[in-house]
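Student: These protein sequence lines map, in sequence, to chains A and B.
Residues in the first sequence are numbered consecutively from 508, following the numbering used here.
Residues in the second sequence are numbered consecutively from 126, following the numbering used here.
All clues given are correct.
Below, computed lysine-lysine pairings styled on DSSO-like, alpha-carbon distance capped at 30 Å:
{"no.": "1", "chain 1": "B", "residue 1": "K283", "chain 2": "B", "residue 2": "K256"}
{"no.": "2", "chain 1": "B", "residue 1": "K201", "chain 2": "A", "residue 2": "K553"}
{"no.": "3", "chain 1": "A", "residue 1": "K638", "chain 2": "B", "residue 2": "K201"}
{"no.": "4", "chain 1": "A", "residue 1": "K623", "chain 2": "B", "residue 2": "K302"}
{"no.": "5", "chain 1": "B", "residue 1": "K199", "chain 2": "A", "residue 2": "K638"}
{"no.": "6", "chain 1": "B", "residue 1": "K258", "chain 2": "A", "residue 2": "K638"}
{"no.": "7", "chain 1": "B", "residue 1": "K206", "chain 2": "A", "residue 2": "K623"}
{"no.": "8", "chain 1": "A", "residue 1": "K623", "chain 2": "B", "residue 2": "K283"}
{"no.": "9", "chain 1": "B", "residue 1": "K256", "chain 2": "A", "residue 2": "K720"}
{"no.": "10", "chain 1": "B", "residue 1": "K258", "chain 2": "A", "residue 2": "K715"}
No lab work stands behind these hints: they were computed from the structure.
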Amino acid sequence: MFHFDLIAPSIPFILEGVLVTLQYTLISVCGGLVLGALLALCKVGKSLTLQWFAAGYTSIFRGTPLLLQLGMIYYALPTLTGLTLSPFMAGILTFSLNSGAYISEILKAGIAGVDKGQREAALSLNIPQYKIMRDIILPQATRNVLPSLVNEIVDLLKESALVSVIGGTDLMRRANLVAAEKYLYFEPLLVAGCCYYILVLALTSLAKVLERKLATP
Amino acid sequence: MIELKYISKSFGPLTVLHDVNLKVKPQEIVVLIGPSGSGKSTLLRSINLLELPSHGSVRVGDAVYHAVQGPQEKVKQAIRKRIGMVFQNFHLFPHMSVLENLTYGPVQVLGLTTEQAEAEAFALLDRVGLKDKPQAYPLQLSGGQKQRVAIARALAMKPDVMLFDEPTSSLDPEMVKEVLDVMRELAQKSMTMVVVTHEMRFAQAVASRLLFMDQGRILEDTTPKAFFKMPATVRAQAFLDRLV
Ligand SMILES: Nc1ncnc2c1ncn2[C@@H]1O[C@H](COP(=O)(O)OP(=O)(O)OP(=O)(O)O)[C@@H](O)[C@H]1O
Ligand SMILES: [Mg+2]
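Okay, chain A solo, but in the shape it has when bound (with noise of 0.2 Å):
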């Protein structure tokens, strides 16, 4: 009834994709933390046209569905510009842009979870504005939240499965043409599956070694 050998040839093709999965999503994930921590900062800063914007930004990307975004920047974005980006291009910016959103406002309630009394210390010290940021709150923010954090990372890792749907040859992609070619779908799925669920699980393990490591210092 299961026809293994049928798609095993096609089995390092699929696994392959891995590689491809996890560049999708370690770039992306970069790039929304970037984008997230600048956001953030918007959002607890003073200045209200920043606070306002990044309130905006934030509201669309969570407002709206991912697909959506993708087919944006992939599809409508060179018809408006002129400027074409490859699918793997297309997802990474896709992806980026839309975590930016949402690690924003993981950053943002680790930011304000921090004890004030942190920041006046700080002041107290004399100790500039931006520094007291980056070296006093922000790393204590992102050890509150490493939780929500790794949970963002996940999220990420399967939704980038949807870059499929433009022509990006990852995991999924790569599973699906297995299937169009063999006329089997169990198999090669059941492949791209357990991938997924090892990678998952991989990273979740690794984030509570990084978190063990943190709390304990």
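Once you have looked at the hints, place chain B with the ligands on chain A.
Tutor: Same frame as chain A, but now just chain B with the ligands:
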């Protein structure tokens, strides 16, 4: 050294300080007492501008902050440069070791090299009786140890004045003495100090001047000896009666 002129502070409709005037001379040990909510912390925090007064002016050395003139970041820095502060809840940086807590400010603000800053940090740790703890993290210290590190951290910036806001109020009784001893030593080394505290014995023994505050005003400005013998105002008498 410090001169507060006609300081008022309101939080919304609530006026917490009413036209307070206060001059502190070099090497004075001023102890500030009064009932809860009387504005002691607010007054103390106005000195280094953690609380920005709504009216009046704050002078420290030759830097003057005027309440009505907007942000004045340069003035704030000039004032804070000369003042160290110790808080009731320590506020050590939990992600830094004791040594890093003591060297961060000197390196980042005063521009010392790490080696200079560490050498001074070790000397300060020795002074507060914690020379075996440079690598510890705040979480691993007792309350009394944390507060001594906090004092050392403030001293590392070489301030001319130290402010203390109830430095022993969140400590277990057996740890109060070790912190007061450090403060006593500071007083003997001629540090100028303004201390909010409920430790009346410390006030009696160390203060050169005693201020009694109630409802946002300084009601008595006297010596500890005179105050504890017989306070001049009824409110101070009532305050003392409640303590005993
Ligand atoms: N940030 C703030 N916002 C609003 N009200 C405040 C704020 N800080 C202090 N207050 C109020 O100002 C009054 C004086 O506060 P303050 O902390 O100066 O009193 P205190 O004499 O230090 O009291 P305690 O002995 O309890 O520390 C209190 O009624 C307090 O509730
Ligand atoms: Mg107080």
